[in-house]
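Okay, so the sequence shown: first residue is 1495 according to this note's numbering, each after it adds one.
Don't read these hints as lab results, they were simulated from the structure.
Nothing false has been slipped in among the hints.
Pairwise CB distance ranges, derived in the manner of DEER restraints:
{"id": "1", "residue 1": "R1513", "residue 2": "L1661", "range": "28 to 38 Å"}
{"id": "2", "residue 1": "V1956", "residue 2": "R2059", "range": "45 to 55 Å"}
{"id": "3", "residue 1": "P1638", "residue 2": "A2051", "range": "55 to 65 Å"}
{"id": "4", "residue 1": "P2114", "residue 2": "P1664", "range": "54 to 64 Å"}
{"id": "5", "residue 1": "A2051", "residue 2": "E1836", "range": "15 to 25 Å"}
{"id": "6", "residue 1": "P1664", "residue 2": "G1594", "range": "48 to 58 Å"}
Every residue gets a Cβ at the ideal spot worked out from N, C-alpha and C, and that includes glycine.
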Amino acid sequence: MPPEFAGLAPPAWLLRTLRPQRAAVNRAAVVRAAVAMTLPLAVGLAVGEPAYGALASMGALSGVISDTADAYRMRILNIAVPQLLGAVGVTLGALTYGHGWVTVGTLTAVALVSGMISSIGAVASVSGLLLLLNAVIGAGLPLPGAWWAAPVLMAGGGLLVLLLALLAWPLRSGVPERAAVADTYRAVADLLAAHDSASPGGPDGSGNAGSTGSTGGRDLPDAPGAPDAYDTARHAVTRSLNQSYDLILARRARHHGRSPELTRLLAQLNAITPVVEAAPAARLSGRPLPEAIPAAVRGLADAVAAGPTAAVAAVAAVELRLPAPTSEATLAVDHALRHAAEVVATPDIDPQAIDDRLGRPAALGVRAARAARDVALSGASWRYGLRLALCVGIAQVLVSTVPVPRSYWVALTITFVLKPDLGSVFSRALLRAVGTVAGLVVAAAVLSQVQRGWWDLAVLLVLAPLIPALTPRGYGYQTAAITPVILLLSDNLNHQGTGLILPRLLDSLTGCAIALVAGYLLWPESWHTRVGTRLADAVEDTARYVASAFGDGTEPAARARMRRRIYRDLSVVRTEFQRALTEPPPTGRRAAAWWPLVVAVERIVDATTAARVRVGHGAPPPDPAEVEHVIAHIRELTEGIRRSAVLVGVRADLTGPADSVLEPLRQEVAAARAVASPR
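Given only the sequences and the hints, what does the whole structure look like? Please build it.
Here is the structure:
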């Protein structure tokens, strides 16, 4: 850019907000969207009831939005449960249509419930979204037929998406679960193949961690730059393990351990965990692992994906010709990899011998009762619900006192923008405005040039697939894809044509403004970063993990659950960090300052795991006093994070035997304390 225009460049936080995310296109979901949204409208046109067809297509739209799961059983939950709540919402909205303050009170109450249940989980979040979304539509549009017609038609359209999603289940049963576990193995292979420039020297991993002085001599990033190859691979392993365990354990809870397939997949996940634990020790050795090791793991991944009937032959083809171990770290990798190969090659595994490392979930009814209790007692859930209720209430009062044609779009905008669990309210409001403008341009062309009737099918056949194709790219792209579809379908109900365009733009901008003021600026917690608080909790758990790793009597399975929980929590911290970066200054700048500490804490956990693995494979255990010294410094780090709004580095007095397995851990703790500690 020429120097004279440098000052006109958009700020970095805005560019991060508008930048499209990389994501593969789910071709099956694209086809399902085209068929499920076009077919109901075609039937409605054929029988002379296009309004009924449009309602069913609207229901299919909500089903397309919910169609995000790979596993077939999860698709039932992801699509069917939200449709049930959506049917309740449209019923409540339709019954209060045109009733003035009764409508205002009903939608405000529905918004409160919608916001509160969003914290339960992904399925509850989408269910709450559809509950409020359909209630707003029912209260804002004159729906055709009896009071029960709209909920039946809209739920039917959503269930059509579910039916199409389940068509291949008899032929592909178990394939998504096997694919998830196989992807985890491939992610672990990438982790073993990664070797970054920050890896320390030392022939056996007992040397220093690349540190000199209190900062560890490491150029920790002071901004959210690109992480090194090892960090990137480790994050991918964390995500993949979380997804695979969530999927397998959720199904295993319903089968009570009797499914041989799920038993085998859980055993395969458990078997790869020691390989993951050995990876930090191998990295700290400073020497890249031979290519034969990640290649062997990729071969095991292919065997997992092939299924039990082909697994034995597939494992035999892997040829575990591994190099002879030369240190405790490489010995740990060798033992873990050979054990994983043995488990993958075993077709029948005793369910009683399987350890549910992350804990088997309770029955669905028990979990639902716990979730309801937690939501009712959670201050955060009440605050989320009140924010959403306040904004929807303001919107409904506004459109009830100021004549706005088809004004339901104001509350509709707030529903999407202010969903508390979906990211930054500020960035979503901005993306909503940009996406709406782009979508209205397309809608204007369609409504002005395309005659209502059968030509709508051709347009819908083109526009509907764009929704699942563009949704992974970001919220603005999803909004741009959904807007013309909703306007096309709603025009079959109210027949306003291009008269919808300008009111919809004004409604969207009004909804964004209400969400920004009443749902963002008035709530300080929404524009203050929570990275520090959550990171402090993770550091506190890390101190307990260090204690459990060296002699407090913790069982290996409990220690594995503790380590996985810490990595999961750190993954949440990273998500919160990325969300905060899209906020305008000063929130984004404050969040960026935490990045070096996020990296440092992750490496503390890695170094602890590496030391535990080395001790388990022959290295001398550390002295208890040495362990307590390290734990004390980690706890001081926790207190410093909790008390400091601004990161303050100190020199940490962390000394000990140079040949101890804890030397790399001491160096990582020193590096972390150099970033943030008490004054």
